[in-house]
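Here are the chains, one letter per residue:
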Amino acid sequence: MAEIAQSKVPTVIADDVHIVYRVNTGSSGKGSATAALSKIMRRGKGDAPGVRKVHAVRGVSFTAYRGEAIGLIGSNGSGKSTLLRAIAGLLPCESGKVYTDGQPSLLGVNAALMNDLTGERNVVLGGLAMGMTREQIKERYQDIVDFSGINEKGDFISLPMRTYSSGMAARLRFSIAAAKDHDVLMIDEALATGDRKFQVRSEARIRELREKAGSVFLVSHNNKSIRDTCDRVLWLERGELVMDGPTDEVVRAYEKHTSA
Amino acid sequence: MSDTTHDGALATSRPLSEDAGLSPAELAGKYGLSVSGARPRLGEYVRQLWGRRHFIMAFSRAKLVAQYSQAKLGQIWQVATPLLNALVYYLIFGLILNAGRGMEKGVYIPFLVMGIFVFTFTQNSLMAGVRAIPGNLGLVRALHFPRASLPISFSMQQLQQLLYSMIVVFAVAIAFGNYPSPSWLLVIPTLVLQFVFNTGLALAFARAGAKTPDLAQLMPFLTRTWMYASGVMFSISEMLKGKPAWIADVLQWNPAAIYMDLVRFALIDDYGAKNLPPHVWGFAVGWAVVIGIGGFVYFWKAEERYGRG
Numbered sequence: 001m002a003e004i005a006q007s008k009v010p011t012v013i014a015d016d017v018h019i020v021y022r023v024n025t026g027s028s029g030k031g032s033a034t035a036a037l038s039k040i041m042r043r044g045k046g047d048a049p050g051v052r053k054v055h056a057v058r059g060v061s062f063t064a065y066r067g068e069a070i071g072l073i074g075s076n077g078s079g080k081s082t083l084l085r086a087i088a089g090l091l092p093c094e095s096g097k098v099y100t101d102g103q104p105s106l107l108g109v110n111a112a113l114m115n116d117l118t119g120e121r122n123v124v125l126g127g128l129a130m131g132m133t134r135e136q137i138k139e140r141y142q143d144i145v146d147f148s149g150i151n152e153k154g155d156f157i158s159l160p161m162r163t164y165s166s167g168m169a170a171r172l173r174f175s176i177a178a179a180k181d182h183d184v185l186m187i188d189e190a191l192a193t194g195d196r197k198f199q200v201r202s203e204a205r206i207r208e209l210r211e212k213a214g215s216v217f218l219v220s221h222n223n224k225s226i227r228d229t230c231d232r233v234l235w236l237e238r239g240e241l242v243m244d245g246p247t248d249e250v251v252r253a254y255e256k257h258t259s260a
Numbered sequence: 001m002s003d004t005t006h007d008g009a010l011a012t013s014r015p016l017s018e019d020a021g022l023s024p025a026e027l028a029g030k031y032g033l034s035v036s037g038a039r040p041r042l043g044e045y046v047r048q049l050w051g052r053r054h055f056i057m058a059f060s061r062a063k064l065v066a067q068y069s070q071a072k073l074g075q076i077w078q079v080a081t082p083l084l085n086a087l088v089y090y091l092i093f094g095l096i097l098n099a100g101r102g103m104e105k106g107v108y109i110p111f112l113v114m115g116i117f118v119f120t121f122t123q124n125s126l127m128a129g130v131r132a133i134p135g136n137l138g139l140v141r142a143l144h145f146p147r148a149s150l151p152i153s154f155s156m157q158q159l160q161q162l163l164y165s166m167i168v169v170f171a172v173a174i175a176f177g178n179y180p181s182p183s184w185l186l187v188i189p190t191l192v193l194q195f196v197f198n199t200g201l202a203l204a205f206a207r208a209g210a211k212t213p214d215l216a217q218l219m220p221f222l223t224r225t226w227m228y229a230s231g232v233m234f235s236i237s238e239m240l241k242g243k244p245a246w247i248a249d250v251l252q253w254n255p256a257a258i259y260m261d262l263v264r265f266a267l268i269d270d271y272g273a274k275n276l277p278p279h280v281w282g283f284a285v286g287w288a289v290v291i292g293i294g295g296f297v298y299f300w301k302a303e304e305r306y307g308r309g
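Protein sequences appear in the order of chains A and B. Letter by letter, the first sequence follows residues 1 to 260 in UniProt numbering. Letter by letter, the second sequence follows residues 1 to 309 in UniProt numbering.
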């Protein structure tokens, strides 16, 4: 870590980031046409009734430097994943700003994949969704399939994804997501997928990606994988940054807090 | 070398010898960092979108295929669904309500079928546009791509769906004695213009639907009203006989009616130019350009806000 710290080039700067979700609770007659009409009519007078605000991240600031691997810890609903999405520019900030070097990408293509399509088509679709070109996908196609191990038990890649076991689907998703190199890489609890054999393989792949990436963010509830991968940890609680420092120190404080 | 803080506000304080006094914004400027998730300029946006053209195509095709992948007959439904639709409408409007007044049966049936399919093309693009963002929030919140890819991809899916329907349309046209002729080629520019119009409409309503998902509940009423006002199953000029001529003109100048009439004019021998409103091609191009570009710019203006909860 010492040699990394000397270069000290920032890759991500979060400046007093606030993120607010607005949730339509649909107070009356949810879904009916008349309710829709009256709701539209009521708009324009501030926040309509039936809309609840959830303040998910409250004033988080930090600077990440090139070569750092940063872990995010905190209890469920503490705003870790939300913060990652804001860094990736996927969720707009209510106030404050996130500055980044290049385009950070969130490791996860689950949403682009379709259960009714074959694994084969999903590999192509997922790759395209991440911004790979058709040539790049063709080049890596075999690697992706081999890495996922989908075909170890017969020709499953040409079957629709809905026929896969949940473990197989998770493995394929991870393999697609990990096929691309990223500037700023963000991983949201992806390490826990698949069987033991696959976990070992994916940890190795993440290490590889880390070496190529400028910075890595990892959200996990597994303190061991945080300790193995990260050299700095941000601890979030109720959307606020509780602690920011070297892994050992923060994880120890966090463990003390959770066991208490 | 990094100090632990118990206060979020101090978290940026890993002191840097020369960068210590800089505010986050100044620090970002110094190292050339850019604001994450900022809206690109229009030209840059178009360029990014062009870069994603393969994704747009693949996504639309995937949606199309996924639609019937659980059905035993599979992709046959692509053609069977519009055919059954046409039969139902013929049963109700052709036989029971006798909406085909003033037209020979040989004209009315192709007239009806083309009207339904061409209108459905616009209607479905519009509906898909409204749901483009709320229905794909997972995708929008997981990956980075120009958001316009979604509505464009959905109207592309509808275009492919329409091409399947056109098989039925051609079959019906031929079955009623309208044989392929050079005028059939007019279908191509008509559908291209309609596609541009639909995409613009889908983009505009995608922005509206992203802000107010409730719109999806309201749309069926709007589109149905639009359908009955556009002369899908009857001839506007025939129905409004005796009323002032400008009413018929206004109804016939509405984009849905324009594109329907052009397709009918191209494919049905006995549906002559007298059925078309004045300046029909001018309106066909005008609607496409105005709604196409307008919808795109309107959608782009809120690019950075899509995906907010």
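Where hints are given, some of them may not hold.
[Stated by the list, open to error] Below, in silico cross-link-like pairs of lysine-lysine (BS3-like), each with a Cα-Cα straight-line distance of 30 Å or less:
no., chain 1, residue 1, chain 2, residue 2
1, A, K224, A, K256
2, A, K212, B, K30
3, B, K211, A, K97
4, B, K211, B, K72
5, A, K8, B, K63
6, A, K180, B, K30
7, B, K211, A, K53
8, A, K97, B, K30
9, A, K180, A, K197
10, B, K72, A, K180
11, B, K72, A, K153
12, B, K63, A, K153
13, B, K211, A, K138
14, A, K53, B, K72
15, B, K72, A, K97
[To be verified] Which chain B residues stay away from chain A? Per the calculated CB distances, all over 12 Å, these:
no., residue
16, P24
17, L27
18, G32
19, L33
20, S69
21, T120
22, F176
23, S181
24, W253
25, E304
Please keep in mind that the hints were generated in silico from the structure rather than gathered at the bench. Just so it is clear, CB atoms sit at the ideal spot from N, CA and C, and this is done for glycine as well.
Verification of the supplied hints:
no.	hint	in the structure
1	K224(A) x K256(A)	holds (15 Å)
2	K212(A) x K30(B)	holds (23 Å)
3	K211(B) x K97(A)	holds (22 Å)
4	K211(B) x K72(B)	violated (38 Å)
5	K8(A) x K63(B)	violated (46 Å)
6	K180(A) x K30(B)	holds (29 Å)
7	K211(B) x K53(A)	holds (15 Å)
8	K97(A) x K30(B)	holds (16 Å)
9	K180(A) x K197(A)	holds (22 Å)
10	K72(B) x K180(A)	violated (37 Å)
11	K72(B) x K153(A)	holds (26 Å)
12	K63(B) x K153(A)	holds (28 Å)
13	K211(B) x K138(A)	violated (38 Å)
14	K53(A) x K72(B)	violated (45 Å)
15	K72(B) x K97(A)	violated (52 Å)
16	P24	violated (4 Å)
17	L27	violated (6 Å)
18	G32	violated (7 Å)
19	L33	violated (4 Å)
20	S69	violated (4 Å)
21	T120	holds (21 Å)
22	F176	holds (37 Å)
23	S181	holds (39 Å)
24	W253	holds (28 Å)
25	E304	violated (6 Å)
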